[in-house]
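Using the sequences and the hints, build the whole thing.
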Amino acid sequence: MLYSPEQEARFFLIWCHGTAEDIGTRHMTFVTLSRQLQTHILVFEYPSYGLSNGVVSSPSEASINDRAQRVYLFICHTIKWPTDRIIIYGHSLGSGPACHLASTQSVGGLILQSPYTSIKNLVREAVGSYSNLLWVSYWDNNEAMQHITCPTLFIHGQRDVNI
885 MLYSPEQEAR
895 FFLIWCHGTA
905 EDIGTRHMTF
915 VTLSRQLQTH
925 ILVFEYPSYG
935 LSNGVVSSPS
945 EASINDRAQR
955 VYLFICHTIK
965 WPTDRIIIYG
975 HSLGSGPACH
985 LASTQSVGGL
995 ILQSPYTSIK
1005 NLVREAVGSY
1015 SNLLWVSYWD
1025 NNEAMQHITC
1035 PTLFIHGQRD
1045 VNI
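For the sequence shown, counting from 1, position 106 maps to 990 in the working numbering; every step adds exactly one.
If you're looking for bench data, these hints aren't it; they were derived computationally from the structure.
Take these hints with a grain of salt, some might be off.
Unchecked claim - Computed beta-carbon distance windows for the label pairs: (1) 1027 <-> 888: 11 to 21 Å; (2) 989 <-> 944: 13 to 23 Å; (3) 915 <-> 1039: 13 to 23 Å; (4) 904 <-> 1039: 28 to 38 Å; (5) 885 <-> 946: 32 to 42 Å.
Being a predicted model, the structure only gives us computed values, none of them experimental.
Positions of the beta carbon are idealized from the N, C-alpha and C atoms, including for glycine.
Here's what the structure looks like:
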């Protein structure tokens, strides 16, 4: 879904949504943000989520990162938007693909709302040492942050008990 302000936009924001989030229910949020911040917002759906169509694939780190990459390339190459005016926004689960994208591509900024360090660490907090059964650490945001060079804003509440 693409949201555009009524006036000329200075930035293009790629929104990576959270777990079990229906982007349709956030419609007014995106309209308001787009207008108030005077920025285009492109919200993409993860495989098997909501309005996602075409070839059905299971949501995975690789398939979601691929979707984020395709959105980025569309904005850069088809729309021809300058990379230094692209901002990546990752909310909760979306902080994984957002960090991955910002660590592998040139962007103007990164906003992380309720991010996690890695999925493995998140599972460890919920189930303890059973998390060691995970062979792979999906979306290791700590590692990705080592390669992110753009300005980054962290948004998190002290009362957030989930992340």
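List of violated hint numbers, smallest to largest: Failing hints, ascending: 1, 4, 5.
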